[in-house]
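Engineer: Under the numbering used here, think of the first position of the sequence shown as -7, with each following residue one higher.
Because the hints were derived from the structure by calculation, they are not lab data. Certain hints may be false.
Simulated pairs of lysine-lysine, DSS-like, Cα-Cα distance not exceeding 25 Å [what the hints assert, rightly or not]:
1) Lys115 <-> Lys3
2) Lys115 <-> Lys24
3) Lys24 <-> Lys3
4) Lys91 <-> Lys117
5) Lys24 <-> Lys117
6) Lys117 <-> Lys22
7) Lys22 <-> Lys3
8) Lys22 <-> Lys115
9) Lys22 <-> Lys110
10) Lys91 <-> Lys110
11) Lys3 <-> Lys91
Remember, it's a predicted structure, so these values are computed and weren't measured experimentally.
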Amino acid sequence: MTTLDIHQILKLLPHRYPFLLVDRVLDMEKGKRITALKNVTMNEPFFNGHFPHRPVMPGVLMLEAMAQAAALLSFHSLDIVPDDNTVYYFAAIDGARFKRPVEPGDQLTLEVEIERMKAGISKFKGRALVGTELACEASLMCAMRQIN
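Whenever a hint applies, use it, and build me the whole structure from the sequences.
Structural biologist: Structure representation (structure tokens):
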């Protein structure tokens, strides 16, 4: 069982506030799966406009949180510590479904499984849950590239 705290996550992902959407990794199995957490608080900047009368986390940010968890899983699975020249891009999102709103005070559990990895392109199946309730699910494809 592999876990990561916020300090370890910051060493692996280039994202920073307000776009870092993974707070902790609870469990990670090399080449297979990851379970991570995103604590959703009223202080999130997107709540000011989405929606002020009933704050809801945008679905696209749930997908981004799953992609960030997928990146952590990829780095761990490939024994890579990314540097400033490593980028991890979204390549595709398929079958995205949103089942329940995510609101301030919720804790989003991100579950991502590798379906296939080849030549720097990986396909994942992801789910985001609040407790035992499914909030979002999708198939994600991501590509790792080196830039200059």
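Engineer: Now, for every hint given, state plainly whether the structure supports it.
Structural biologist: Results of checking the hints against the structure:
{"no.": "1", "hint": "Lys115 <-> Lys3", "result": "holds (23 Å)"}
{"no.": "2", "hint": "Lys115 <-> Lys24", "result": "holds (11 Å)"}
{"no.": "3", "hint": "Lys24 <-> Lys3", "result": "holds (22 Å)"}
{"no.": "4", "hint": "Lys91 <-> Lys117", "result": "holds (16 Å)"}
{"no.": "5", "hint": "Lys24 <-> Lys117", "result": "holds (11 Å)"}
{"no.": "6", "hint": "Lys117 <-> Lys22", "result": "holds (15 Å)"}
{"no.": "7", "hint": "Lys22 <-> Lys3", "result": "holds (18 Å)"}
{"no.": "8", "hint": "Lys22 <-> Lys115", "result": "holds (15 Å)"}
{"no.": "9", "hint": "Lys22 <-> Lys110", "result": "holds (15 Å)"}
{"no.": "10", "hint": "Lys91 <-> Lys110", "result": "violated (31 Å)"}
{"no.": "11", "hint": "Lys3 <-> Lys91", "result": "violated (32 Å)"}
In summary, the numbered hints that this structure violates are 10, 11.
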